[in-house]
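2 protein chains.
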Amino acid sequence: MSLQTAQALVTDDLAVVEQQMLKKVGGAYPPLAEVLAALIQSGGKRVRPMLVLLAARFHPPRQHSRLISLAAAVEALHTATLVHDDVIDGAFLRRGQSTLNAVWTPDSTIMAGDFFFSRAAALVAETENPRIISRFAETLDTIVDGELRQAFTARDWSQAKEGYYTRIYGKTAALFELATQTAAILGAAPAEEEEALRSYGNNLGMAFQIVDDILDFVADDTTLGKPAGSDLRAGIITLPVYYYIQKPERRDALMALADGGPSSDEAVAEVVAMIRSSDAIAEARAEAESFVQQAIADLAILPPAPHRDALEDIARYVVEREF
Amino acid sequence: MSLQTAQALVTDDLAVVEQQMLKKVGGAYPPLAEVLAALIQSGGKRVRPMLVLLAARFHPPRQHSRLISLAAAVEALHTATLVHDDVIDGAFLRRGQSTLNAVWTPDSTIMAGDFFFSRAAALVAETENPRIISRFAETLDTIVDGELRQAFTARDWSQAKEGYYTRIYGKTAALFELATQTAAILGAAPAEEEEALRSYGNNLGMAFQIVDDILDFVADDTTLGKPAGSDLRAGIITLPVYYYIQKPERRDALMALADGGPSSDEAVAEVVAMIRSSDAIAEARAEAESFVQQAIADLAILPPAPHRDALEDIARYVVEREF
Numbered sequence: 005m006s007l008q009t010a011q012a013l014v015t016d017d018l019a020v021v022e023q024q025m026l027k028k029v030g031g032a033y034p035p036l037a038e039v040l041a042a043l044i045q046s047g048g049k050r051v052r053p054m055l056v057l058l059a060a061r062f063h064p065p066r067q068h069s070r071l072i073s074l075a076a077a078v079e080a081l082h083t084a085t086l087v088h089d090d091v092i093d094g095a096f097l098r099r100g101q102s103t104l105n106a107v108w109t110p111d112s113t114i115m116a117g118d119f120f121f122s123r124a125a126a127l128v129a130e131t132e133n134p135r136i137i138s139r140f141a142e143t144l145d146t147i148v149d150g151e152l153r154q155a156f157t158a159r160d161w162s163q164a165k166e167g168y169y170t171r172i173y174g175k176t177a178a179l180f181e182l183a184t185q186t187a188a189i190l191g192a193a194p195a196e197e198e199e200a201l202r203s204y205g206n207n208l209g210m211a212f213q214i215v216d217d218i219l220d221f222v223a224d225d226t227t228l229g230k231p232a233g234s235d236l237r238a239g240i241i242t243l244p245v246y247y248y249i250q251k252p253e254r255r256d257a258l259m260a261l262a263d264g265g266p267s268s269d270e271a272v273a274e275v276v277a278m279i280r281s282s283d284a285i286a287e288a289r290a291e292a293e294s295f296v297q298q299a300i301a302d303l304a305i306l307p308p309a310p311h312r313d314a315l316e317d318i319a320r321y322v323v324e325r326e327f
Numbered sequence: 005m006s007l008q009t010a011q012a013l014v015t016d017d018l019a020v021v022e023q024q025m026l027k028k029v030g031g032a033y034p035p036l037a038e039v040l041a042a043l044i045q046s047g048g049k050r051v052r053p054m055l056v057l058l059a060a061r062f063h064p065p066r067q068h069s070r071l072i073s074l075a076a077a078v079e080a081l082h083t084a085t086l087v088h089d090d091v092i093d094g095a096f097l098r099r100g101q102s103t104l105n106a107v108w109t110p111d112s113t114i115m116a117g118d119f120f121f122s123r124a125a126a127l128v129a130e131t132e133n134p135r136i137i138s139r140f141a142e143t144l145d146t147i148v149d150g151e152l153r154q155a156f157t158a159r160d161w162s163q164a165k166e167g168y169y170t171r172i173y174g175k176t177a178a179l180f181e182l183a184t185q186t187a188a189i190l191g192a193a194p195a196e197e198e199e200a201l202r203s204y205g206n207n208l209g210m211a212f213q214i215v216d217d218i219l220d221f222v223a224d225d226t227t228l229g230k231p232a233g234s235d236l237r238a239g240i241i242t243l244p245v246y247y248y249i250q251k252p253e254r255r256d257a258l259m260a261l262a263d264g265g266p267s268s269d270e271a272v273a274e275v276v277a278m279i280r281s282s283d284a285i286a287e288a289r290a291e292a293e294s295f296v297q298q299a300i301a302d303l304a305i306l307p308p309a310p311h312r313d314a315l316e317d318i319a320r321y322v323v324e325r326e327f
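Here the protein sequences line up with chains C and V, keeping their order.
Under the working numbering, the residues of the first sequence are numbered 5 to 327, in order.
Under the working numbering, the residues of the second sequence are numbered 5 to 327, in order.
No lab work stands behind these hints: they were computed from the structure.
Here the structure is a predicted model, which means the values were calculated and not measured.
Here a beta-carbon is modelled for each residue, glycine too, at the ideal position from N, C-alpha and C.
Treat the hints with caution; some may be incorrect.
[Unchecked claim] Straight-line alpha carbon distances no greater than 27 angstroms define the calculated DSS-like cross-link-like pairs of lysine-lysine that follow: (1) C:Lys28 x C:Lys49; (2) C:Lys165 x V:Lys28; (3) C:Lys27 x C:Lys49; (4) V:Lys165 x C:Lys28; (5) V:Lys28 x V:Lys49; (6) V:Lys165 x V:Lys251.
[Said to hold, decoys possible] Residues from chain C shown here face chain V by an in silico Cβ test under 10 angstroms; the list is partial: (7) Asp111; (8) Ser112; (9) Glu130; (10) Asp149; (11) Arg255.
Kindly produce the complete structure, drawing on both the sequences and the hints.
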């Protein structure tokens, strides 16, 4: 399963979305403009704008340009939080490339993040749809709340699984949900279709983040583009860690490592290896698969169509991907 | 001239504005919640929400709650940029208090800034007015552009005065202009009144920032709440510096100081003293006064009223204030 069929359906629109994001990067500050442009053009898999464009196919909005603005707004918001997240994580590698942080000062990185917030605000305003604008504002709230929760629950080894769910909703699922729901709103889809697409986005996003968190343990550093176990090193308890520490003796070992000051690369690598070879990975993967099944079931009330197939493909891809 | 008369007119509403900003600070993360609440409650002079509330008196909107949301949105956007600005400046003192930066890590400061962006977005969405929402997005664009310009023009000693104007428009005047113009839009004021209030806000903001830049040289450290000459130390060329270096021999002396590596406190203090005692301060002050006169003239087409008097008072206060 790959994203190619889904991508093919919206490939022309995705190019225009990129143009919309690049607007204003302009010529005024060459060093910055180049970094911003590179950041946009490196672009990852464009899953979020793809979701907007595909979800909109059920009830295409009268003004296609507003749909482009919406898709670009979603991706700009994603980019803004990604850039600030890099400062916050102190992550120096992402997508296998240097992040802004590595080549830039924190100052410029904050400004670059703010630049994308500003693009997102301008783009969503272009939809001229108050409900969509409100949903964006709510989602930004949720994302920031998720960042804060993550910072304030690090190294809390006894947190409940619900805490993890709330955090990954803020980190990933809220924006996926925003993408598919606002596409439905823009096309004035009937309430039950809007709800189906919202729920699909939510479930897909949850699965996506669980798989990301699994890959942080099972993928190798090169595929991952960053050292394995980086969340663990920061004391962030993801689902594989949660399952792993349900056995008290394992929890004690992990706490001893994590609370004993800055962990050495070797110590982290050792824990990563233990978690990787434990049943925790399979347990986490089963949850991701369950979310994907729910996402696919959400689509059932929508009429069969190539774009519905594409959304199903994306859901399957999310659990099968290896990076 | 003080702000007391103006403040008295809107004092009840300002309290509600503060409540709106505090919403969501909530109980979830006690250490953060306290810092955010302190940041809101320290609150400075609340000039921007005061401008919204007074400008709206000419044509009060039907739904007063939307006006409160608008005023709170303007102040939240101001707070967001202030917080990120502190990270960017590396400023450790502002308003004579520890900034977030001094007590917190850069990470938490970025999150706090993002928190206020998110409040601003939610609050402006509550106005449900597409034109106001678009103006907010444009203004955020302008502010970020101003930050970038400031970073990229530091230590460019031959920049034209227009560059300074563009930067202080982004830094201050754009938000003042937004405050007064959107208040008019919300009340569906006639186009010429909206334009008068917009222009008033713009001129007032320009004067406000020029005076801020003068105070950075003439106020003492205690009044200022930060060391005098802090912009100069960062290589930012403000209007007093611009006038000072119009004489080539002065420029050479300043460049020798600034480009010779990190300047010592003594060296900066020496230059501050030279600028303070030069004619550059009076030249800059004359410009601030000219902007204030334009701001007052802008109000002429509006009907006489206590709130018009209050706006005039604010304009006079801006050039007379000593901190």
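Status of each hint after checking the structure:
no.	hint	verdict
1	C:Lys28 x C:Lys49	holds (23 angstroms)
2	C:Lys165 x V:Lys28	holds (24 angstroms)
3	C:Lys27 x C:Lys49	holds (20 angstroms)
4	V:Lys165 x C:Lys28	holds (24 angstroms)
5	V:Lys28 x V:Lys49	holds (23 angstroms)
6	V:Lys165 x V:Lys251	holds (15 angstroms)
7	Asp111	holds (5 angstroms)
8	Ser112	holds (7 angstroms)
9	Glu130	holds (8 angstroms)
10	Asp149	holds (8 angstroms)
11	Arg255	violated (24 angstroms)
When each numbered hint is compared with the structure, a violation occurs for hint 11 only.
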